[in-house]
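Q: Going down the list, the protein sequences come from chains A and B. Per full-length UniProt numbering, residue 1 is the first one in the first sequence, and the count goes up by one each step. Per full-length UniProt numbering, residue 1 is the first one in the second sequence, and the count goes up by one each step.
Hints listed in this document are in silico derivations from the structure and should not be mistaken for laboratory results. Any given hint might turn out to be false.
For lysine to any residue, the following SDA-like pairs were computed, each having C-alpha atoms within a straight-line distance of at most 20 Å [said to hold, decoys possible]:
1. Lys154(A) / Glu134(B)
2. Lys154(A) / Leu194(B)
3. Lys156(A) / Pro211(B)
4. Lys49(B) / Glu22(A)
5. Lys156(A) / Glu73(B)
6. Lys65(A) / Asn31(A)
Which bits of chain A does chain B cover? Going by a derived footprint, with three or more residues having C-beta under 8 Å, they are [as the list claims (entries may be wrong)]:
7. 18-25
8. 86-94
9. 102-108
10. 114-126
11. 129-135
Which residues of chain A face chain B? A partial, calculated answer using Cβ under 7 Å [claimed, not checked]:
12. Cys41
13. Arg48
14. Leu155
15. Lys156
Note that this is a predicted model, so its numbers are computed, not measured. Where is the CB? At the ideal position from N, CA and C, for every residue including glycine.
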Amino acid sequence: MAGQGASEPALFTELEVEFMAEDESINIVPNVRMDTLNMICGDYGPFRPQIPVTVPLWLGIAMKKRSKCRIQPPDWMSVERLSEVLEMEREAPREFQPLPFHYVEIAKLLLDNAREDFENNYMVQSLLEDIKDVRWDKVEKGLKNLSGRTHAVKLKNISAMEVNRMRTFTVRALQSFFKHDNDDMMKQTPTDSDSQSTPSSSDRLPRRTLRPR
Amino acid sequence: MDSGNGSEDGTPWGRGDGQGDDDDNNRDWGLKDIPNDVEVLKRVWRNEKSAPEILAYESLLVERVQEQIANMEENILAAAESLDDMMLSIFEMDVNRLMFLLRAYLRVRLSKIDKFALHVMRTADLWDRLSPQEQEYASKFVDVLSKHMHDSVLGKLEKEYESMMKQAASSEENDMIVEPNLDTYVFCRSKTALGTFQLDDKGDETVDMMPNDLYILRYRPVRNLIETDRIELV
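Please take these sequences and the hints and turn them into a complete structure.
A: Right, here's the structure in full:
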């Protein structure tokens, strides 16, 4: 399978996904004075003690590492919000709750580098783990719906890490379905099960989704 | 003027350029979030990485980014004395992150050239997507490859099997040339509603692309949307 180089789906490494997440915004409360930083990636600051300011995550963490600021936990990372999300993830087995696209990486970076800025950091971490598990379970169940008739999959509110994790399997499966589907069409020999499952174009779903309704 | 940074001469820590002249990269992305070159390069890199075939080289963007890196490095050097440790390392991180992106972009293109060199060289449309440097690299790569193939295997075979392009002289097509599989699937999203989009020739298969939702679609029908910057790969 690795020999089929031409159809190998591209995969981002975990570090590359994390790199992308580091550009997400975060609010910090500096404890130093510093003028506006005019950088290639944008202008940030000015920094004044105790005045919250929005910066990219990598910058916030760099300052945090030097004890020059406190991180303001994002709203979605509060115990209340996460408990709510977890509950809703469990209640709605066919959809994903909206979370930042990079929620896994952001949470990891923040909890690794600014743990003390979170009240209940233990609780936050365990809620996040549960959310991750519930969501991944849904991804796996959704993958079972893939079939030869799948020509488009819609993934509302899926996150970067989840995409990356499901990519190889999903792409290979869809490639195979497409290939065999087309082989069939060329031979013009619809089997019984085929003619049953594709009676007319109107019966074909306009799209297959991981949460069919 | 935003000098700041403690440097007396008011070092221009600005972007240098790039703010006004990247209209080409901003089609359909809305005026309120005009991305800077870092964001554009990140998108270009992700597209390149996820697309099965090699995409058009973003020469203007790369030029701008290289210029910004050079300017910033110069500025850092000039102001190193007057900056404190933390600011210095922040500015360096800013540059390093952009350099990482640039390298990642160039590198993923090289790996595609390695993989599909013969195919790219023999397809004018693809050949034109390479930068002059990449074209030089591809030619050399194919030279070296064919010499190696000839010396190690092909040269020792019967005339009939000597070609690097064909399994045998009797093959009608060049069946030994690796081509990208355009019927693979990609994860993509659009920032704007694209309306109903047709995925096959007959119109049986359509998708209604909503802004910011993610879709897994076959690459071939959507490749033009990537070229025209209407969707991005994830």
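Q: Take the hints in turn and mark each one as holding or not.
A: Cross-check of the supplied hints:
Taking the CA atoms of Lys154(A) and Glu134(B), the gap is about 36 Å. The hint is violated against a cut of 20 Å. For the proposed pair Lys154(A) and Leu194(B), the alpha carbon gap of about 14 Å is at most 20 Å, so the pair holds. Restraint check for Lys156(A) and Pro211(B): satisfied, since their Cα atoms lie roughly 10 Å apart, inside the 20 Å limit. Simply put, Lys49(B) and Glu22(A) have alpha-carbon atoms about 19 Å apart, close enough for the 20 Å limit, and the pair holds.
Straight-line distance between C-alpha atoms of Lys156(A) and Glu73(B) comes to about 41 Å, which puts the hinted pair past the 20 Å bound. A threshold of 20 Å between alpha carbons decides the hint, and for Lys65(A) with Asn31(A) the separation of about 13 Å falls inside it, so the pair holds. A count of 4 residues in the stretch 18-25 of chain A with a Cβ less than 8 Å from any Cβ of chain B is obtained; the coverage claim is therefore met, three being the minimum. With a threshold of 8 Å between beta carbons, the proposed coverage of the stretch 86-94 of chain A by chain B is violated, since 0 of its residues qualify and at least three are required.
A stretch counts as covered by a chain when three or more of its residues have a beta carbon under 8 Å from one of that chain; for the stretch 102-108 of chain A and chain B the count is 0, and the coverage is violated. Residues of the stretch 114-126 of chain A with a Cβ under 8 Å from some Cβ of chain B number 0, which does not satisfy the need for three, so the listed coverage is violated. Only when three residues or more bring their CB closer than 8 Å to a CB of chain B does the claim for the stretch 129-135 of chain A stand; here the count is 0, and the claim is violated. Because the closest C-beta pair between Cys41(A) and chain B is about 5 Å apart, less than 7 Å, the hint holds.
Nearest Cβ of chain B to the Cβ of Arg48(A): about 13 Å, over the 7 Å cut. The hint is violated. Interface restraint check: Leu155(A) against chain B, minimum CB-CB distance 4 Å, threshold 7 Å, status holds. The beta carbon of Lys156(A) comes within 5 Å of a beta carbon in chain B, closer than 7 Å, and the hint placing it at the interface holds.
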